[in-house]
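4 protein chains.
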Amino acid sequence: MSGSTIGKNFTVTTWGESHGKALGVVVDGCPAGIPLCEEDIQRDLDRRKPGQSPYSTPRREEDKVTILSGVFQGVTTGTPISLIIANQDQHSKDYSQVAHVYRPGHADYTYHHKYGIWDYRGGGRASGRETAARVAAGAIAKKVLSQLGVRIQAYTLSIGPIKVNPENFDENEIYRNPLAMPDGEAAKKAAEYIQQLKEKGDSAGGVVECVIQGLPSGVGEPVFDKLDAALAKAIMSIGAVKGIEFGRGFEAAYLTGSQNNDTLVYYPDRGLTKPTNNSGGITGGISEGFPIVFRAAFKPTPSIRMPQKTVTHDMQNTQLVLTGRHDPVIVPRAVVVVEAMAAITIVDLLFQRILSRIDLIKKALS
Amino acid sequence: MSGSTIGKNFTVTTWGESHGKALGVVVDGCPAGIPLCEEDIQRDLDRRKPGQSPYSTPRREEDKVTILSGVFQGVTTGTPISLIIANQDQHSKDYSQVAHVYRPGHADYTYHHKYGIWDYRGGGRASGRETAARVAAGAIAKKVLSQLGVRIQAYTLSIGPIKVNPENFDENEIYRNPLAMPDGEAAKKAAEYIQQLKEKGDSAGGVVECVIQGLPSGVGEPVFDKLDAALAKAIMSIGAVKGIEFGRGFEAAYLTGSQNNDTLVYYPDRGLTKPTNNSGGITGGISEGFPIVFRAAFKPTPSIRMPQKTVTHDMQNTQLVLTGRHDPVIVPRAVVVVEAMAAITIVDLLFQRILSRIDLIKKALS
Amino acid sequence: MSGSTIGKNFTVTTWGESHGKALGVVVDGCPAGIPLCEEDIQRDLDRRKPGQSPYSTPRREEDKVTILSGVFQGVTTGTPISLIIANQDQHSKDYSQVAHVYRPGHADYTYHHKYGIWDYRGGGRASGRETAARVAAGAIAKKVLSQLGVRIQAYTLSIGPIKVNPENFDENEIYRNPLAMPDGEAAKKAAEYIQQLKEKGDSAGGVVECVIQGLPSGVGEPVFDKLDAALAKAIMSIGAVKGIEFGRGFEAAYLTGSQNNDTLVYYPDRGLTKPTNNSGGITGGISEGFPIVFRAAFKPTPSIRMPQKTVTHDMQNTQLVLTGRHDPVIVPRAVVVVEAMAAITIVDLLFQRILSRIDLIKKALS
Amino acid sequence: MSGSTIGKNFTVTTWGESHGKALGVVVDGCPAGIPLCEEDIQRDLDRRKPGQSPYSTPRREEDKVTILSGVFQGVTTGTPISLIIANQDQHSKDYSQVAHVYRPGHADYTYHHKYGIWDYRGGGRASGRETAARVAAGAIAKKVLSQLGVRIQAYTLSIGPIKVNPENFDENEIYRNPLAMPDGEAAKKAAEYIQQLKEKGDSAGGVVECVIQGLPSGVGEPVFDKLDAALAKAIMSIGAVKGIEFGRGFEAAYLTGSQNNDTLVYYPDRGLTKPTNNSGGITGGISEGFPIVFRAAFKPTPSIRMPQKTVTHDMQNTQLVLTGRHDPVIVPRAVVVVEAMAAITIVDLLFQRILSRIDLIKKALS
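Protein chains in written order, with full-length UniProt numbering: chain A, 1 to 366; chain B, 1 to 366; chain C, 1 to 366; chain D, 1 to 366.
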C-alpha cells in the first residue's frame, strides 16, 4: 500500500486523478447480505456535488456512480464492491497556466518533488475530486452502520468568523440551507461573508462538527488503534483539514481535572448518564456508549483569483493570477466527506470489537 | 493486530500492564548497521521518568531498559529488537479502593465493558506507564533519523492558562526547567500554578508543540497515509491527547485564502523560501522540505484527590476520593512521548518515500 | 481486507465476478517513472486468453484492458494504477442448470455456505476468470522487475502423465506450442492425451515450473515473510493449485543431508558457484543470488461433461451432466498466471530488501 | 513489519536469536475471557524440546516459558500476551569454527549478504530455536480453537524412505514413540535408519502430515487469503520445509477430473458426506466442513559431521567438518511446530469468517 487504502477488515481503496478517464473505489470486507443499490450511493454523492449553490464552483460534474461488482440480485455478496465514476469534465480546461507554476497552498510542489512527475491537470490525485470516491465508499459504510443502529451526522459549525449559535441549533436546517449549517441565521450571515470574499477573488475556511449516535461502548482498540486516533487519521486525511479535536478538545488543555472530568451518575429509569461530555464520548481511546463528538478545521480554499507570488518549476519567481471556476468555500461540500471518513473508520473498529471477546465470537459462530 | 502495533515497514509493538511483571516493546524493521546500546534508549526513558520534580508523582520507577535481541556486537542486525523494562513498583499499592469503582476520566469503564474483565491495578494496559515502551522504541527511531539528518524536538507550549512567550523562546531552557518549557519566566509561573492546584488536589493540562527539522520534501503518502494524518493518529494515540493541529491549525479556519496561503520565493543564494509557514510544512499530506510544526492538546490528569461523583461496577452511585501519588500535570513528562511517536511515524514514511520512485530504488540496489 | 488484496508495499487488489459488468485491479505502490502502456499489459492477457487452441474453451473473451489512472504522458505517476477489463460474454449463458446444484470440485458449496448468497453465474468471484486481473497486475510487476534486471519464466512441465524430457528442453518451444511446453515431442503427446479426455468429456491436470533469474541475494524477510513462504501463498492462491515445492521439494524429504546440501565453490573467474541447486535458490527464506526454481501442481479442471453425483441446494441427491464450453485442461493458460503471482511477490520483497540496511537507505536518499 | 509478524486479527510477533539473552513472542488479538496459564504453553514447548531421545541433540534447553502480560487472575484480558523463554545454553559453545565460514544448507550466506552483519552464534535469528516462540504462540491459538471445537493434530508420516503404513495407523502411537509416528513398526525401522545415518555423521528429512477436525465450512477468504494459501505460507515459513500439498496434492496433477472430483452425497441420518477427500477439505480456498489434510516436506538437517566443501567469508574455498551436537533428524520435533503454525493461521481466518456476513455480526453484537 502507498496510501490509497484505509481500513483493516473493512477496506477502502480509492483510485483516479481529477481529470483522468474516471475515478473509483474498491470496498473489500463489506459483509454479505446487505441490500445495496446505486441510489443508496448517489444520494451522498449528490450532497458533495459542486454547482449546487452560488458558493460552490459551477463546474458541472454529473458524478454518476456505477456498481461494477460485489452486488448480486440487489444484495452484497461479501466480495469486493467496485464503484466507478466517469469524469465528465475532463477535457474542458486549458492547463497551460499551471503546467509550469506551483500554485500556493496546493500540492503541486510536494507531488512534483516526491514523484519527479506531476499530473498538473486539476491537481491530479491531490484534487478534492478524489473525495467523491470516499463519499461513495462512505455510503456503503453507512448502510452497514444503519443495520447496526449507528448514525453519523456532520454539519458546518462555522465559516470564517461566522459561527453557529447553539441556541439556534436546528437539525433540519442542515439540509435546508446550501451551507449545511444547523442555524438559518448564521447561514445567511455566512452567505453574505462568502459573497464578499468571492467578489474580491478570495476564499473562506471553516469548521465541521460531527456527531456519532448509537455506537455501543467498547469500540476502539487500546494503545495505537484508539477510536479517536483512527478517526483523527481518517479526518486529517481530507486534504484541507489542518486540525481535529474531540469533546472539549484544545479547551481541555486550559481546564483543571475537576472541571474536565466527566462524572458518572446512575438513574434506575435512565440508566447510566453523564451530565457532561467533555470527553467527546471516548475514554482511553474506547467508546463509552455516549455520543461521539469531534470537530475538524478546514483551511480556506487555496485556489483564489487574487494575484499570488510563487515560483515556476525552474525556480523563476513569478506572480500567479488563477482564472477559471473555483469554490470560494469547500466546507459545505466537505460535510458529507467527513461523514464518509467517520463511517468507514467506525465500521472497521466496530467489527474489530466483536473479536475482542471469546463470548461474542462463540455467539456469532453458534 | 488489535491496536498494540503501529507502522508498516518500521513496526513497533508494545505490551505490558502498569503493574504486571514488566512491560516492553518489539521493534521490527529497524535497518541493519546502526550502532545501538542501552544508554541510547535510557537517556529518553529518563526524561519520561516520574519523581524528578515536585510536579510529578514521587513514585519510584527505575525504568531500566534491557536489549534482549536484534543487536550484535553493538550494531543492529536488521532482526527484531526486543526491549524490556521491569516493573519495580508493582506490589507497592492497595487497589481495593478502585477495584470496584470507575474512576472519572479514566478508561476503567470502557475497558471493563469492552473486555468483560478489567486489570484495575494502576490502569492496566490503559496506564500512562505504557508510554515508557513507546519512548524506548522512539529512541531507536531517533537513532535511525539521526543517520538521515532529521531532528525532532518537542516542548511544553502551555500549562493551563500559562503560555510560553515566543519572544522569550530559548531552546536550552527546555532542558533547564522541570516543565520542559522554552521560556524560563513562563516555567516559573506555571510551577506556581501547578503548586496551587496540587494543594487543592486538582490537576492541570497543557499544550505540547513539536518541530521536525531536516526532513526532505516528498515524505508522506497521498490520500489516506498523508504525513499529517499519520502523525495525527500517532499523537492522538497518546492517552491524554484530545486534539492536534498543524501550522496555523484551527486558526486557519478563520482566515481567508489570501491570508493563509504560503507564498514561495526563490533566492539564488538561499534557494527556495517560504516567508510564512501556515501550512506547518505539509501540503497535500506531503512534506515540503520546510520545518514541520504541530501542537497537541493534553487534558488535565484525571487522577485528582478532590471528591468526585461516580458509580461502582454494580451501578451504585458513590463518591470517590483518590488517595496515593498522582501527577498534578503530566504534560512535561509527555514531551518525550510526543517526540517518540513523531519519530516512529517519520521513519516509516521516510522509508516509504524511497519506494515511490524507480530512480531511488535503482540507486539503492545499484 | 478480506482476501482480495496482496502485497505490502506493492499492493494488488482485484475485483469482479466472472459474469458481472467487468473485472479489474488496482495496483498501488508502483513507483513513479516507469514507461507503461496498455500494450505492455495486453501482451500477457493474450497469453491467458481462452479460445486459442482446441485445448481451451472456445469462449470468446476479448479481455481488452484499459488503464484508467496512474499513468500520465506514458509514464507511471506513483499513484494507483486502475485497470479494467469489460466482460464481453456476460449474457451468453443460461445458468438454470447450476443455479440450484453444487458442482463437484467447484467452490459453489463453500461460497454459498460462507456468504449465504451465491453468484452462481460462471462461478462468480471464484471463477478462473478472476486471474485475468492478476495477469494484468503481473504485467506491471514484470515491467518493474525488468528495470531491475529480474526475469521470470514459467512453463508447463507435465500434463497428466506426459512429462517434459529435460534433454529436449527448448525455451523457444514454450511459445511455439499451444501447451506452453518447452519440449515439442512432449507437447504432441500431451495434445493427443487431452484430445482423448476431451472426447470422453473428462479433463487433465498438470505441473507448472517457474524459474526466476537475475534476482540478487538478500531478498526475502526472516521468519514469516520468507521468500519461499510468500511465493507459496501467492501461487497456492491460484484456484486449481494443490501443492508447491521448491528446488528438490518433496524429493528432499527422502535424501540425506550429505546428498541434499548444496556446496559452495569459488572460482576467481566465475565467482561463487553452486554445483547443485537442491535449495531452489533460497536458504533460510532468503534468495541466494542463484536461480529460483519452484513447481506448482494443478488439479484437473473440475468442469467435466461426464455425469457426476452431487446435491442440490436443498440437499437432494442428484446427477449433474454439465453442458457448454469447458477447458479440458487449464494448465497452459495458467502459466502466465504463475508468472504474474511470482512477479507481484518478488517486487514486494525486492523493495523490502532496500529497507533492511541503513547503507542502502542512505544511498537512495543521498 | 519485516517478517517477524504473522496474522491480521490474531497477530503473532516473534523475536530473539538462538544464543541471545532470551527469545519470545507477543500475541496480540487473543480474545478476552480464555483461561490461560504457563502450563498450557509449557506442554507444547516440551514436545519441541531437544534432548529427549537419541535422535535429537543432547543440548539441554530448559525452554521454560513465562507469561509477562495479557493474563489477569488466570484469564486472558484481550491485551497483548507477552511470553519469554530464557536461553540457558547461550554461552556453552565456541563459534570460532563457524564465525568465518558459510555452512552448506544453512542461512549463513544469505543473512550475511542481506544484512551485511551476521550473528553467527548458532544461526542467530535463522536458528530452528526461533520456532520455540512459535510453539508458545501456537499453544495459545490452540486454546482459542478448543473453545470453538477445532482440533489440530500433526504427526510424522515418513522419515527418509521409511513411511507410515496406513493400515497400521494408530493415533496413540504418535505420543508413544519418540519419532511421533502413528505406526510403531515404521517408527522402529525409522529409528534404525536414523541410527545408521548418525553413525556416518549424516542426517535425514521426512514428511509431516496434519489433520484439522471440527472446522466449520466457510473459513478462508477468496482470492489471495485462501485457507490453503494462508496455511502454505505459514507452514513454508518453517525453515526446513521445501514443499506443501493439500489432499491428493501433487498426485492430483496426474489424475483426470472424473478421478479427482469429490462427489457430494446426502444421507438423512448422516447429513452431507464426501466418499473421497481429494480436495483435502478445501475448495476455492474455503473450508468445506470436512477434515483438512495437508503434508509438508522437510529437508534433511543441514548440520552434518561429514566433511563438506564450502567457502569462507572472504571467498576462500575450504572444507568444513562440523563438530558438536546436532539433530540427525528434526522432523519429530517439528510436528508440534506444524500444529502451531496451522493453529495460528486457522484462528485468524476463523475470526475473519464472522465478519463476512451481516447476520453473524448482528448476532455477535446483539
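Note that these hints are calculated values from the structure, not bench results.
One should not assume that every hint holds.
Repeated chains share a single entry, so a pair holds when one copy, or any two copies, can fit it.
Here are the simulated BS3-like pairs of lysine-lysine, each with C-alpha atoms no more than 27 Å apart in a straight line [what the hints assert, rightly or not]:
#1 K8 - K200
#2 K163 - K189
#3 K274 - K198
#4 K143 - K362
#5 K8 - K143
#6 K274 - K200
#7 K189 - K309
#8 K8 - K363
#9 K200 - K49
#10 K200 - K188
#11 K274 - K188
#12 K189 - K49
#13 K189 - K143
#14 K309 - K64
#15 K49 - K163
#16 K64 - K21
#17 K8 - K309
#18 K309 - K274
#19 K362 - K163
#20 K143 - K363
#21 K200 - K64
#22 K200 - K189
Quick one: which hint numbers does this structure break? Sort them smallest to largest.
Hints 1, 7, 11, 13, 14, 17, 19, 21 not satisfied by this model.
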